[in-house]
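Number of protein chains: 2
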Amino acid sequence: MTVLSEAVLADPVELTRALCDIPSVSRDEAAICDAVEAALKRLEHLTVERVGNTLVARTELGRGRRVMLAGHLDTVPVNDNFPTRTEGDVMWGLGTSDMKSGTALALWIAATVKEPRFDLSFAFYDCEEIEAVHNGLNKLSKSRPELLAADFAILLEPTYGLVEAGCQGTMRVRVTTRGKRAHSARSWKGENAIHRLGPVLERLDAYEAREVEVDGCVYREGLNAVFIGGGVAGNVIPDEGWVDVNFRFAPDRDEAAAEAHVREVFSGFDVEVSDTAPSCRPGLDRPEAAEFVAAAGGEFRAKLGWTDVARFATLGIPAVNFGPGDPNLAHKQDERVEIPRIRSCADALRAYVEAP
Amino acid sequence: MTVLSEAVLADPVELTRALCDIPSVSRDEAAICDAVEAALKRLEHLTVERVGNTLVARTELGRGRRVMLAGHLDTVPVNDNFPTRTEGDVMWGLGTSDMKSGTALALWIAATVKEPRFDLSFAFYDCEEIEAVHNGLNKLSKSRPELLAADFAILLEPTYGLVEAGCQGTMRVRVTTRGKRAHSARSWKGENAIHRLGPVLERLDAYEAREVEVDGCVYREGLNAVFIGGGVAGNVIPDEGWVDVNFRFAPDRDEAAAEAHVREVFSGFDVEVSDTAPSCRPGLDRPEAAEFVAAAGGEFRAKLGWTDVARFATLGIPAVNFGPGDPNLAHKQDERVEIPRIRSCADALRAYVEAP
Numbered sequence: 001m002t003v004l005s006e007a008v009l010a011d012p013v014e015l016t017r018a019l020c021d022i023p024s025v026s027r028d029e030a031a032i033c034d035a036v037e038a039a040l041k042r043l044e045h046l047t048v049e050r051v052g053n054t055l056v057a058r059t060e061l062g063r064g065r066r067v068m069l070a071g072h073l074d075t076v077p078v079n080d081n082f083p084t085r086t087e088g089d090v091m092w093g094l095g096t097s098d099m100k101s102g103t104a105l106a107l108w109i110a111a112t113v114k115e116p117r118f119d120l121s122f123a124f125y126d127c128e129e130i131e132a133v134h135n136g137l138n139k140l141s142k143s144r145p146e147l148l149a150a151d152f153a154i155l156l157e158p159t160y161g162l163v164e165a166g167c168q169g170t171m172r173v174r175v176t177t178r179g180k181r182a183h184s185a186r187s188w189k190g191e192n193a194i195h196r197l198g199p200v201l202e203r204l205d206a207y208e209a210r211e212v213e214v215d216g217c218v219y220r221e222g223l224n225a226v227f228i229g230g231g232v233a234g235n236v237i238p239d240e241g242w243v244d245v246n247f248r249f250a251p252d253r254d255e256a257a258a259e260a261h262v263r264e265v266f267s268g269f270d271v272e273v274s275d276t277a278p279s280c281r282p283g284l285d286r287p288e289a290a291e292f293v294a295a296a297g298g299e300f301r302a303k304l305g306w307t308d309v310a311r312f313a314t315l316g317i318p319a320v321n322f323g324p325g326d327p328n329l330a331h332k333q334d335e336r337v338e339i340p341r342i343r344s345c346a347d348a349l350r351a352y353v354e355a356p
Numbered sequence: 001m002t003v004l005s006e007a008v009l010a011d012p013v014e015l016t017r018a019l020c021d022i023p024s025v026s027r028d029e030a031a032i033c034d035a036v037e038a039a040l041k042r043l044e045h046l047t048v049e050r051v052g053n054t055l056v057a058r059t060e061l062g063r064g065r066r067v068m069l070a071g072h073l074d075t076v077p078v079n080d081n082f083p084t085r086t087e088g089d090v091m092w093g094l095g096t097s098d099m100k101s102g103t104a105l106a107l108w109i110a111a112t113v114k115e116p117r118f119d120l121s122f123a124f125y126d127c128e129e130i131e132a133v134h135n136g137l138n139k140l141s142k143s144r145p146e147l148l149a150a151d152f153a154i155l156l157e158p159t160y161g162l163v164e165a166g167c168q169g170t171m172r173v174r175v176t177t178r179g180k181r182a183h184s185a186r187s188w189k190g191e192n193a194i195h196r197l198g199p200v201l202e203r204l205d206a207y208e209a210r211e212v213e214v215d216g217c218v219y220r221e222g223l224n225a226v227f228i229g230g231g232v233a234g235n236v237i238p239d240e241g242w243v244d245v246n247f248r249f250a251p252d253r254d255e256a257a258a259e260a261h262v263r264e265v266f267s268g269f270d271v272e273v274s275d276t277a278p279s280c281r282p283g284l285d286r287p288e289a290a291e292f293v294a295a296a297g298g299e300f301r302a303k304l305g306w307t308d309v310a311r312f313a314t315l316g317i318p319a320v321n322f323g324p325g326d327p328n329l330a331h332k333q334d335e336r337v338e339i340p341r342i343r344s345c346a347d348a349l350r351a352y353v354e355a356p
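Residue numbers (full-length UniProt numbering), protein chains in the order written: chain U, 1 to 356; chain X, 1 to 356.
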């Protein structure tokens, strides 16, 4: 087993490198989880719980407020980019951006800040890069929500050092049209269901997506066809057509409001919701969040993608994304992180948890 | 091997039953072809050529005009409807309608009319029910067109005893739209190719198909989507979408004119022709054709589907469909033929080829 030494735990850059150099493609996180668990268990100011390959460590200082720092342990598959290599100020390799440089910051705070101004919780979890049903944070939010209790959460996903607040929700629906089969040589005896998709596409094309400001963050929605299909045979008038539509919605709508909106857009059509994930309000009105934005330099913006911050939202915990990685490099072969950005994010986090 | 006796050859109903009771699903026509070949070779007034499982028999009476009677030997797969059974005036079973009752009439004329008023040719061919590349008549029209030479052709496909003249052409095109991929959380960075299919479908829906009279037959065209597709992933703005469109066109358009029309309908879009089969003019202005219509009762109508008559058209031979089967029963489990209709069609054919 890789041992994370005190020297490594004391330096966020060395710790990033050490975590990246333990292979941990999704569903193969036992080794990295063992290494992190062993490191946490050496820290007497923390209680540690392990559920599968997910760890939660907590201070119990009776501070009255609690902040959660969270990061996933897994990576997408290796793509000729393991282990890390460093050139000047840049560390290259799988996981450097998404998100072991962020996860390392959480572990570094856990190891080095023994007297934080609020109680701290740390979550290190598995299977974030695959289907949500396997996601360790998702599973814990259902089986042991008390372990995730906090007043505010920081998810150390790559944001290039900017605070990205909340997240949009996402919903997929299938819009189906129906008709009547006939031989295409006698098409007037049938009713063409594919032709009936025309107005569905026209409504999508004409759709004007909102830009919404929530707690000072601007979210831009989107309603888009992502798949289309239909057809029986080359000589048959088709009796069914469908469009799969993805709605990305701002945090001023919950899932029910999002569904009602989509049904209104496609009124007169058969609409079925196939999957949905909630939005998350930025929560920057909370003092813990506002203090964090200040510590991180005062700038913030809306997170446009969907991230695990929404899992905290479902538990009523405001959450932001904040990490040194570049989100544009996530899942890329040439994934890398700027070492100075690891250090500046580390400084911001430390200032936040240590400030009087 | 089934032997088609003189008694069977002398009765179109018995001959229909005998042909139906030899299994001959497409690509398994050797046995039926052997039986028909042996019967033809016993007839001294005919020359017989066999190419694969396709037979051509001809009189050589120096009549100056020649009429072709043609029928395919194969059927679609068995569907719990083999062998035949007869109830009262109805013969049930695979092939009774499509088209062994018609093929039997050609063989019956071959066996029983030794002094026709024109020279006669007979074609019995394989693989009509599967891809055109296997079709025996199609292959012969390319490899041995001289065997098919005639002034007029009657294809004994099911028409319920009506003369169905010519046929519509059929063309399939793919209309493709393109866009730009992006993550669906940032959809404004992409261009949705599926949304761009909207105007294609609108044009299809608004299309007003022509009804065209050619040589006294009315053809009704049709332009229809038969397949639609597109999409990359549930969270990606798609960069390609496509609609497969089937154009059924009247015999006043050849394939080039049909293609030009489709390109005009979809002007501004990327249109690619994927396959095409020619139309066939009814050719009822030819004396051989007019005489046949008169012999068959004077009524005729346009054939709306595509049939092998178009193979004769490409050789410059006018052709009609005429057979006792009901086209609505083709390929159905409850396929059947009315025995009186076999006899009335037989009478009409015989009157036509024997009239002074």
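Since the hints were made in silico from the structure, they are not lab data.
A quick note: this is a predicted structure, and the numbers were derived from the prediction, not measured.
Possibly wrong hints are sitting among the right ones.
Which copy? The list can't say, so a pair holds if one copy fits it or any two copies do.
What the hints assert, rightly or not - Below, in silico cross-link-like pairs of lysine-lysine (PhoX-like), each with a Cα-Cα straight-line distance of 25 Å or less:
1. Lys332 x Lys189
2. Lys139 x Lys114
3. Lys139 x Lys41
Comparing the hints with the structure gives:
Taking CA atoms no more than 25 Å apart as the test, Lys332 paired with Lys189 passes between copies only; the shortest distance there is 18 Å, against 52 Å inside one copy. In this assembly of identical chains, Lys139 and Lys114 lie within 25 Å of each other by CA distance neither inside one copy nor across copies; the values are 29 Å within and 87 Å between. For the identical chains of this complex, Lys139 and Lys41 are intra-copy neighbours only, at 23 Å inside a copy versus 80 Å across copies, given an alpha-carbon limit of 25 Å.
In this structure, only the earlier hint numbered 2 is contradicted, and the remaining ones agree with it.
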